[in-house]
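Q: In order, the protein sequences belong to chains A and B.
Counting along the first sequence from 1, when you hit position 58 you're at 58 in the working numbering, and nothing is skipped either side.
So the working numbering is basically just the index in the second sequence, starting at one, shifted up by 1000.
To be clear, the hints were calculated from the coordinates, so they are not data collected in a lab.
Keep in mind that the hints are not guaranteed to be accurate.
Simulated pairs of lysine to any residue, SDA-like, Cα-Cα distance not exceeding 25 Å [what the hints assert, rightly or not]:
#1 A:Lys-49 to B:Asp-1047
#2 A:Lys-29 to B:Lys-1138
#3 A:Lys-29 to B:Pro-1080
#4 B:Lys-1138 to B:Gly-1168
#5 A:Lys-29 to B:Val-1016
In this text, all values refer to a predicted model and were calculated from it rather than measured experimentally.
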Amino acid sequence: MRRRGFLAALGAAFVTGCNRVAESDAGAKLLGAAESWHKRAHRLLTDRKALAPEYPRSAISPYFRGNGSVDPQNGDYQAQAAAGFADWRLEVRGLVESPLSLSLENIRKLPQRTQVTRHDCVEGWSAIGEWTGPQLSIVLDAAGLRPEAKFIVFRCADNLNGEEYYESIDLLDAYHPQTIVAHLLNGEPLPVRNGAPLRMRIERQLGYKHAKYLTAIEAVDSLEDIGRGQGGYWEDRGYQWYAGI
Amino acid sequence: MKRHALSTRIWHWVNVVVVVILFMSGLAISNAHPWLYWGDWGFAPEDAWLAVPRFPDWMTIPGYYSLALARDWHILAAWPFALMLLFVWVVMLMNRHFGRDLATSPREWRPSALWADIKAHARLDFDHDEGKYNFLQKLSYGIVYGVLLPIMVFTGIAISPGMEPSFGWLVELLGGRQSARSLHFIFAFTLLGFFIVHVLLVALTGPVRQIRQMITGGAGDAA
C-alpha cells in the first residue's frame, strides 16, 4: 500500500510538472508546433490527391454511430426535419464570385461521388459507411473561389452545449476528390444522428471535421474572427485543427 | 564491463521521459473510449474484445480529463520517441554496439545454454557470461529495440487517418485500424512489463552503481 502511495505521488508530481509546461507560453507553443510538424510530414509523405481507403459494400458496419449533436433541438431544425427538409438551403458565400443558395434538389442534380469509407472518431472508435454526394470542388468551382480565399468554413444548424458548431479546412482538403457534401448514407437520406440532410466528408481527417447539419459553405482568408478563432467548435476547445493525426 | 556510449546514455534518459509522457497521455486517450476491437471498425462495447478499466487521474497526462491536451502531449512526444529510436539504431549499427554487445550467436540459443542462463538469472547472477550482456539480457534488449519500440511507432502511424493514404498497406498488414489500435495498446503494456522488470533488476543488483554508469558511462568504476 505504501509503495502504491509512493507511485501515485510520483505520478502526480510528474503530471503537475507536465501541466505547468502545458500552461506556460513556450509549452503551449511547442504543443501547437508538434501538430503542424505532423501536418507537414503527412503532406510531405502523401500525394495531395491520394485517397483514403475505400471498402467494398460488404465491409459496411451494421450501424453508423452518431456523436456530438445527434438530434438538434435549436432553431427550426425539428420543424425542418418534420417537413422532410423540403426547404433546406445550402448557402455558398464569402470570398466567391457568385454566391449560391442550393436546394437539396440542386445538390442531388450535381455529378455525384459514392464512396465506402471508414469514419474515425477522435475518441478512438471507427465505423464504415457508404456516402454519396457532389464533390466540394464542384460546388466551389460553381461559385468561383476568389484568389484571396485560404480556408473553407462549414456552418451548421446544430448548437452543441449552447454554441454553434462549425468547422474549417484548407483548400488542399477542400479540393481533395473524396471531400464531398454527402446527402446519402448507405443509399438512404442521412439519418438525423448522422447529420441530416447534409454533412461534409473529409476522409483523411478525424470525425469532428466532418461537419453535420450543413447550412453554409463559406470561403474566408482567415479563421481569426470566427467562433473563438481556432477554426472549429472542438478546435476552440483545444483540439487539433489538423485532425489527420 | 564496458562503458555505456554517450549516444546510449543520451537516448536512454531522453527516452525515459518521452516514454513516460507517451504512456501516461496514452492512458488518458484510452479513457476517452475504453474499448478495444479487432478488424477495421468497432464502436460499441458489445463488439469489444476488451473493456479497458478507467485509469485514475494520477496516472494520466494531463491529470484531469482532457482528450485534447492528452493528444497534444502524445503527438508532441511521438517526435522525439521516433527520431531518437532511429538515431540510436543508426549509431548502434555504426559503432558496432549492436553486433558486439546485443546480437546473439546460435550457440547461445541451445536449450542447455538457455537453461543455464535462466538458472543464473534466478540467482540474480548476471556476470556469468563473457561480453557485456548475457543471453537473456541480449534477447530482452533486442526485442525491445527491434520489435516493441518500433511497433509502437508503426501502430501509431497506422491509426493516423492522415497517414493512411500512403500507409494503407501497413494498416492492412496489422489487420485494420481497430486491430492496429488494439496492438498499440497491447505493446504499450508489454513495454510497461519490460520497464517494471528492468527497474526491478537494476534495483536488486547495485542500483546506485548502475544508474551512475548510465549517467557518466562508468568512467573510474572499479566494477
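Q: Taking each numbered hint in turn, which are not upheld by the structure, reported in ascending numerical order?
A: Failing hints, ascending: 1, 2, 4.
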